[in-house]
Amino acid sequence: MNQFLRSLTPTEQVAALFLIVFGLLVVVSTTAFFLTFRERRNPVHDAAWQAELAHYRKLLGTTWFMAVVFWVGWALGETVATVLFALIAFFALREFITLSPTRRGDHRSLILAFFVVLPIQFWLVATARFDLFTVFIPVYVFLAIPVASALADDPSHFLERNAKLQWGIMVCVYGMSHVPALLLLSFPGYEGKSAFLVFFLVFVVQTSVLVQHVISRRTQRKPFAPNVSRSFNWTSWGIGIAVASLVGALFSFITPFKFGQALAVSVIACIAGSMGHLVMKALKRDRGIPNWGKKGVGVTGANGLLDRVDALCFAAPIFFHSIRWYFNA
Amino acid sequence: MLAKLTGWLLLGIVRLLTGAQARWYGCPPKAEQRIYFANHQSHADLVMIWAALPEELRSITRPIAARDYWANTPFKRWITTEVFNAVYVERAATAPASAAPPAPRAEPEAPSAPARDRVAAPAERIEPSMEPLLPMDPPAPPMVDITPEAFDEVQRRLDLPAPPPPPPVAPPVEPPAAAAEAAPSEPAAAPAADPLAPLVEALRSGDSIIIFPEGTRGHTGEPQKFKSGLYTLATMFPDVVLVPAWIDNVQRVMPKGEIVPVPILCSVTFGAPIRVDEGEERRPFLDRARAAVIALRDV
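Taken in sequence, the protein lines are chains A and B.
Residue 1 is where the first sequence starts when you use our numbering, and the numbers rise one by one after that.
Residue 1001 is where the second sequence starts when you use our numbering, and the numbers rise one by one after that.
One or more of the hints may lead you astray.
To be verified - For the chain B half of the interface with chain A, some residues (derived, Cβ under 10 Å), not all of them:
1. V1260
2. P1261
3. I1264
4. L1286
Said to hold, decoys possible - Pairwise CB distance ranges, derived in the manner of DEER restraints:
5. B:K1225 to A:F130: 50 to 60 Å
6. B:L1010 to A:F65: 23 to 33 Å
7. B:L1005 to A:T79: 25 to 35 Å
8. A:A48 to B:L1010: 35 to 45 Å
9. B:K1256 to A:R285: 26 to 36 Å
10. A:F130 to B:M1001: 43 to 53 Å
Just so you know, the hints here were simulated from the structure itself, not pulled from any lab data.
All C-beta atoms, glycine included, are put in the ideal place defined by N, C-alpha and C.
Could you build the full structure based on these sequences and the hints that come with them?
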């Protein structure tokens, strides 16, 4: 099996990866579909069970959608993939701004953020101008945004408003733009397989967040920072990192890294991702909301995209820069 | 065809920028005749609520557009009539019409006949021709000269004597209302057109409408006092379901004076229908309607 996979060309390997993912999805979806025919004896339980199944199927639908989008992005090449991540960044920033109070004076800065900064950043990614892409937001934009705000002639909460906007750009645009940037890293002997690197990062980070979440649910330990997160504690955090890093290390065969290196970059990505998740939780508490959108019922209509991608937004830049620095890729 | 394409394009843009999410609390999206009444913070409210409605309802629901804003360029006029299928109203003219209703209440000698029939009657005669109604006019002339500026004072003044209605006791309290819109429509309609006439027309042809009873856009979070058009229409068409709606966040997308919209999520929350209670006065009803809209902000 392994020999067979190795004998494939990189493109075929990526295609095989998608085939596996879609195969799993088909199996799970078929099972879920047949489960809908099942009836519980107790009608109350049945209703609850059906509701849960419906929710689960909806989640599955989202997964299908994302998988198809990723597949289309990969099939149509790096440019399309970059546009895809630009769209995700756009929606995430939209959600972030919706839930951070802005004033009229911020209007021009917001236009700048959405329609100038975001496209330029992703264009820099698509054209692989790594030097400029790294400093564009932290240097140029962070100076330009307050200027636009100052020109709007509204001093109230000036620092706060600008900090929020800058933070939003940093997380949603800068962080997210590093995911497609991975596609452009070049490792010797790893040409055409960068899609695996993106998959690796997303997979490892999401695993760590998921494991951490499940463990903290199960063990009911005392939260370390209860005012920020009622589920965060060092034990489940450690277990989450360990499990995800091990999984990452086991997947080292799809990356250009050796086992130990894969373990190390996984640890780095997981720490960054889970800590980023915690930071975003603190931001949410500050805004007094449980989620960036609670299943689409919040009055803002936010649908919680940011909840899904915040860990990735923090992990991607650190992952990108650490491997770029270490491997000189 | 072109209108349809533009509609899709516009819908795509609105969804991309704002999500245009509809939240149905208290009533499902249903193809019955409705009057949606919502808070008004931006000209984009119209587009927002249009985009939030499901496709099937969009074609039978006509939003209201202020003529002075939505008809001042050929493109805007085309888009409001062809894409939104909007009903134009004159904003300047709404004031006198709203001012009028309270007047008849001053002399509560209104007929105490079966209320419902009487309510329906004015609907029939408002638009087509005014001649047959002239006999009914007498109560009207006194306030023909109410100017828009005097509107608020008049309204306040006339609101106070709300107690007078006691003479005609409980059941017949409603008739004044019935007479109310019969009367005001005449003075306004006689020279040009009753500002409510286009809405009445739309309702009579079976369409649902979307109105913004505040009349003008507010700058604060709180909606302003509701104008009486809603009450007039509600009493005129008692069978039409009144659905309150709260449009959230639109003012942030495009504040007054800006032209480029910013992507911020917006939602339209539809609440439980309300109706004019038996014998309910105009002002209490309007306040209740306003409260129903505001209550949706926090669900």
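Going down the list of hints, with the structure as the test:
Here the hint on V1260 (chain B) is kept, as its CB sits about 5 Å from the closest CB of chain A, short of 10 Å. Against a cut-off of 10 Å between C-beta atoms, the interface hint on P1261 (chain B) holds, since the closest Cβ of chain A lies about 9 Å away. Hint status for I1264 (chain B): holds, given a least beta-carbon distance of 5 Å to chain A, under 10 Å. Violation of the interface hint for L1286 (chain B) is found here, the shortest Cβ-Cβ separation to chain A being roughly 24 Å, above the 10 Å cut-off.
In this structure the hint that K1225 (chain B) and F130 (chain A) lie 50 to 60 Å apart at CB holds, the actual value being about 59 Å. In this structure the hint that L1010 (chain B) and F65 (chain A) lie 23 to 33 Å apart at CB holds, the actual value being about 24 Å. A beta carbon spacing of about 27 Å between L1005 (chain B) and T79 (chain A) agrees with the range 25 to 35 Å that was offered as a hint. Checked against the hint of 35 to 45 Å, the C-beta distance between A48 (chain A) and L1010 (chain B) comes to roughly 41 Å, which is consistent with it.
In this structure the hint that K1256 (chain B) and R285 (chain A) lie 26 to 36 Å apart at CB holds, the actual value being about 33 Å. Remark: the range hint 43 to 53 Å for F130 (chain A) to M1001 (chain B) is upheld by a beta-carbon distance near 47 Å.
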